[in-house]
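> Sequence:
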Amino acid sequence: MANDFKAMVEAWPGCDSRLVLRATFNDECMHCDAAELMLREMSLIISSILEQPDESFLGNCFMSDSSLRSCIDLAESQDLAPHTLMHSQFEAHAKSNPDDHALVFEETYVTKTAQLTSAGLMRSSMRNLSPLQTI
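Heads up: the sequence shown runs through residues 13 to 147, numbered per this note's numbering.
Be aware that a few hints might be false.
Claimed, not checked - Here are the simulated DSSO-like pairs of lysine-lysine, each with C-alpha atoms no more than 27 angstroms apart in a straight line:
id : residue 1 : residue 2
1  : LYS107    : LYS18
2  : LYS124    : LYS107
3  : LYS124    : LYS18
It should be emphasised that the hints constitute simulated quantities derived from the structure, not laboratory data.
Please read all numbers here as calculations on a predicted model, not as lab measurements.
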């Protein structure tokens, strides 16, 4: 499948209710070892959320494997140039190509515009909920 992104992660249902994560990337933008680390991190995060859904996700406290932890030196300046972070590149691409596919699932294609509209509606409805209500 062709895509417009430097790296793409797909989640596929596997046997025995397993979830298979697959990364597609170009060697120019990501080294194979970095892709493997990224997939291990994602696997650990998803497993942790599924095993302990009520625990806090903030602060990476759930990560027991310290070799996978990322670290930010708070003493260093955090002033980043525009489009430095990966998600800002995705957001810029979505703004410049609003009719491109954002989601493909079982022959259903959702454009980036439709996805943002749905997210906005969900955000609005969630803001109106009281703390004990559910959707």
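> For every hint, state whether the structure bears it out.
Status of each hint after checking the structure:
1. This hinted pair checks out: LYS107 and LYS18 have alpha carbons roughly 17 angstroms apart, not beyond 27 angstroms.
2. Note on LYS124 and LYS107: the hinted pairing holds, with a Cα-Cα distance of about 8 angstroms set against a maximum of 27 angstroms.
3. Of the pairs offered as hints, the one joining LYS124 and LYS18 holds, with about 17 angstroms between alpha carbons and a cut-off of 27 angstroms not exceeded.
Of the hints listed earlier, there is not a single one the structure fails to meet.
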